[in-house]
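Novice: Sequence:
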Amino acid sequence: MVDVVDLRKTFRDFWGRPTTEAVKGVSFHINPGEVFGLLGPNGSGKSTTIRMILGLLKADAGSISIFGERPGTPSVHAKIGYLPEITHLHPFLTPTETLTYYGQLFGLSSTTLRKRITDLLALVGLTEVAHHRVGTFSKGMARRVGLAQALINAPTLLILDEPTSGLDPIGTREVKDLILELRKRGLSVLMSSHLLPDVQECSDRVLILNHGEALAQGKVSEIEGSLETFFLSAVCPSGPTLPLAKADDLKWLGVQ
Numbered sequence: 001m002v003d004v005v006d007l008r009k010t011f012r013d014f015w016g017r018p019t020t021e022a023v024k025g026v027s028f029h030i031n032p033g034e035v036f037g038l039l040g041p042n043g044s045g046k047s048t049t050i051r052m053i054l055g056l057l058k059a060d061a062g063s064i065s066i067f068g069e070r071p072g073t074p075s076v077h078a079k080i081g082y083l084p085e086i087t088h089l090h091p092f093l094t095p096t097e098t099l100t101y102y103g104q105l106f107g108l109s110s111t112t113l114r115k116r117i118t119d120l121l122a123l124v125g126l127t128e129v130a131h132h133r134v135g136t137f138s139k140g141m142a143r144r145v146g147l148a149q150a151l152i153n154a155p156t157l158l159i160l161d162e163p164t165s166g167l168d169p170i171g172t173r174e175v176k177d178l179i180l181e182l183r184k185r186g187l188s189v190l191m192s193s194h195l196l197p198d199v200q201e202c203s204d205r206v207l208i209l210n211h212g213e214a215l216a217q218g219k220v221s222e223i224e225g226s227l228e229t230f231f232l233s234a235v236c237p238s239g240p241t242l243p244l245a246k247a248d249d250l251k252w253l254g255v256q
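Just so you know, the sequence shown maps onto residues 1 to 256 in the working numbering.
For the record, the hints were derived by calculation from the structure and aren't laboratory data. Mixed in with the good hints, there may be bad ones.
Cut-off 25 Å, straight-line C-alpha distance, at most; resulting in silico cross-link-like pairs (DSS-like, lysine-lysine) [said to hold, decoys possible]:
1. Lys58 / Lys24
2. Lys184 / Lys58
3. Lys176 / Lys24
4. Lys79 / Lys115
5. Lys219 / Lys115
6. Lys139 / Lys176
7. Lys58 / Lys79
8. Lys176 / Lys79
9. Lys58 / Lys115
10. Lys219 / Lys184
Now the in silico label distances, taken between C-beta atoms and shown as ranges [claimed, not checked]:
11. Lys219 / Ala78: 15 to 23 Å
12. Pro32 / His77: 12 to 20 Å
13. Lys139 / Gly107: 25 to 33 Å
14. Gly72 / Gly43: 33 to 41 Å
15. Phe14 / Ser75: 17 to 25 Å
16. Gly107 / Gly25: 33 to 41 Å
17. Lys79 / Leu180: 17 to 25 Å
18. Thr10 / Arg70: 26 to 34 Å
19. Arg133 / Arg17: 20 to 28 Å
None of the values given here were measured: they were computed from a predicted structure. Each residue gets a CB set at the ideal place from its N, CA and C atoms; glycine is no exception.
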């Protein structure tokens, strides 16, 4: 379904001088009906890779094939659903109006659109608030509206960039349950995250990125078995706790 071979991207300044080598020879493929996870800390190249797959950025080298075509073509876009890291929704619209707007952009008929909106709102658990303004929703509820929007065109491939970003534990659980439900329905999903538990629970296979390089790829159980196990312990004084910056550095590894 998706084939990425030796993908490379370097960002340059105004004068064309290289500033950041964001993706360094990354290769992977996504099979039909599987959830494929991109795991890595912030700045590892996950979002850049996704934007090249979507055709929003042009690769410097390597190749991308989606459904046997190149990225960015109208026929490819029609088969893809995309949820960006930051959900941009019109706060004065309701979920029903939001989905109607995006469905009309895809040229869906009124009959198809009405049924699809009903089904999607039920899927994401927002039927009871279908006519409430999105601007009054919590982050988790807004994220579910965004997920429904990404599914309005009945995509073959769903791309989720940090789908649980900024959510509390309840919102995170709701989004992960939705991803697992979509996997049961046979939808192919590409999701990125800097949190190991999210990718570990939802993905069939995973690619670990760091500083633009692929460190490991395969099933989570296979990767866990190939890595050296380590234990982290800390003794804290009775007063201050560990600095927040240090704790955040470890979150993508699943350390709380």
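Novice: Taking the hints in turn, state whether each one holds.
Specialist: So, going through the hints one by one against the coordinates:
no.: 1; hint: Lys58 / Lys24; in the structure: holds, 14 Å
no.: 2; hint: Lys184 / Lys58; in the structure: violated, 33 Å
no.: 3; hint: Lys176 / Lys24; in the structure: violated, 29 Å
no.: 4; hint: Lys79 / Lys115; in the structure: holds, 19 Å
no.: 5; hint: Lys219 / Lys115; in the structure: violated, 37 Å
no.: 6; hint: Lys139 / Lys176; in the structure: holds, 14 Å
no.: 7; hint: Lys58 / Lys79; in the structure: holds, 20 Å
no.: 8; hint: Lys176 / Lys79; in the structure: holds, 22 Å
no.: 9; hint: Lys58 / Lys115; in the structure: violated, 37 Å
no.: 10; hint: Lys219 / Lys184; in the structure: holds, 18 Å
no.: 11; hint: Lys219 / Ala78: 15 to 23 Å; in the structure: violated, 31 Å
no.: 12; hint: Pro32 / His77: 12 to 20 Å; in the structure: holds, 19 Å
no.: 13; hint: Lys139 / Gly107: 25 to 33 Å; in the structure: holds, 31 Å
no.: 14; hint: Gly72 / Gly43: 33 to 41 Å; in the structure: violated, 25 Å
no.: 15; hint: Phe14 / Ser75: 17 to 25 Å; in the structure: violated, 35 Å
no.: 16; hint: Gly107 / Gly25: 33 to 41 Å; in the structure: holds, 39 Å
no.: 17; hint: Lys79 / Leu180: 17 to 25 Å; in the structure: holds, 22 Å
no.: 18; hint: Thr10 / Arg70: 26 to 34 Å; in the structure: violated, 20 Å
no.: 19; hint: Arg133 / Arg17: 20 to 28 Å; in the structure: violated, 47 Å
When the structure is compared with the earlier hints, violations turn up for hints 2, 3, 5, 9, 11, 14, 15, 18, 19 and for no others.
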